[in-house]
Amino acid sequence: MNNSIIDDARAQQSDFSAEERSRYSRHLIMPEVTLAGQKRLKASRVLCIGAGGLGSPTALYLAAAGVGTLGLVDADVVDLSNLQRQLLHGTSDVGRPKLDSAQDRIREANPHVEVQLYPTRFTSENAMQIIEHYDVVIDGSDNFPTRYLSSDACVFARKPNIYGSVFRFDGQATVFAPHLGGPCYRCLFPEPPPAGAVPNCAEAGVLGVLPGVIGMMQAIEAIKLILGLGDSLLGRLLHFDALKMKFREFKLRRDPECPVCGEQPTITELQDYELFCGATPQEVATNGAGRLPSISVQELKRRRVARTPLTLLDVREPYELELAQIDGAKLIPLGEVEDRAGEIDRAKDVVVFCHAGVRSARAVQILQRSGFTNIYNLEGGIDAWSEQIDPAVPRY
Amino acid sequence: MNLRVQFFSHLKDVTGSDEFHAHVPEGASVADLLTVVYGQHPKLRSWDSSILVGAGVEFVDRDYLLKEGDEIALMPPVQGG
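Keeping their order, the protein sequence lines are chains D and X. Residue 396 is where the first sequence ends in the working numbering, and the numbering goes up by one at each step. Residue 1081 is where the second sequence ends in the working numbering, and the numbering goes up by one at each step.
Hint data in this document are derived by calculation from the structure and do not stem from the laboratory. All residues carry an ideal CB built from backbone N, CA and C; glycine is no exception. Treat the hints with caution; some may be incorrect.
[Claimed, not checked] Some chain D residues near chain X, calculated using beta-carbon distances under 7 Å:
(1) F156
(2) F167
(3) F250
(4) R254
Given the sequences, and given the hints that come with them, work out the whole structure.
Structure, rendered in structure tokens:
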């Protein structure tokens, strides 16, 4: 009996050249794979949502393993800060669309793979049309709206969703597939966390190797489902702590009351996931309490040039100062803002900044509660300042 | 009974530590334990609705009755990729 998600008739249609037999020989000689299994791989179609930290190892290894069709969804352009972990892209690719460099790298790894590119954001409008062409979906996205979208779309389309996520030195992986008996993402997390409360990689950082470990686990799980081998992570969440070098796993159960995959679903079509998860950092920090007073980097520059009196407050961490700083700013890390509010000169307008504008939005909120009225969030943080005003300030 | 509570991922930042040793009475539930944990780490309270609680090798509901020696894990959702 074979539990492969690829049916026999489709697998039989694959032909193998002599070159391919040599290329895949280390698979072909394993009794668990053989030519029959390699044919299943060649017949299979895998969609990677995201060609970044997780998508890089996943796509590269699946291509090398001989998956027949690889779909990649990503709208981003390669940035220098990607290269520490996203090995699909190289130094000479900076500025190119990620899917272009991904395609080049995959072709070099294995020219037999058919690569389908979707240089767009994965949205409620295109998700079902894209997913229907694939047997397995790999969630290598980097934000909650896309994670809920990818899970819901896979539930509706009855496709396994192989989940991975990373935070600094920690990673998690599992397989969501209610149609195979497991839970979906919503069974675990029915509601998203308060918008902006959970930092992403750009805000929190991530050990470059970590998405390599987790992404390769996702690739292995995809191959196991295609070959019908072993015990999948269906119903188990694997947590990896790189600092302790420990794996821990937790059993997951389907929630019979899940609004998407439960017995009486209340959500039967894709939603507006940005809205569901709460949209911008500004809205995040205010928790929906209305727009936060803010100014643009251009406006800050204008005021500095005009020597308008103002207090510039930097709420980043001390170790970020040596990466980049704006002259004349006072440093009070976000965690100390509440206790040290008395040190801030409130006679002048106070402009608060951080790296990208999320922490500073929270600081503005804290200080408003402490009675500050003439206080503004610098939109886009020091990163926007560097990009749009002063290129001498390094970006990080 | 004494229980070791581990904080995962971002909750380490929120609490400023990676574990907490809690003392709860026999027959206490996860909800009782969380009350003790939140008492020590008040900032965690706002995360309550998104925290998964692992006891040993299972994620459990808030009414799960704790057993001596249960290794408790508090895990937030993680988005990074």
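Against the structure, the hints come out as follows:
{"no.": "1", "hint": "F156", "result": "21 Å, violated"}
{"no.": "2", "hint": "F167", "result": "4 Å, holds"}
{"no.": "3", "hint": "F250", "result": "5 Å, holds"}
{"no.": "4", "hint": "R254", "result": "12 Å, violated"}
Comparing the model with each numbered hint stated earlier shows that hints 1, 4 do not hold.
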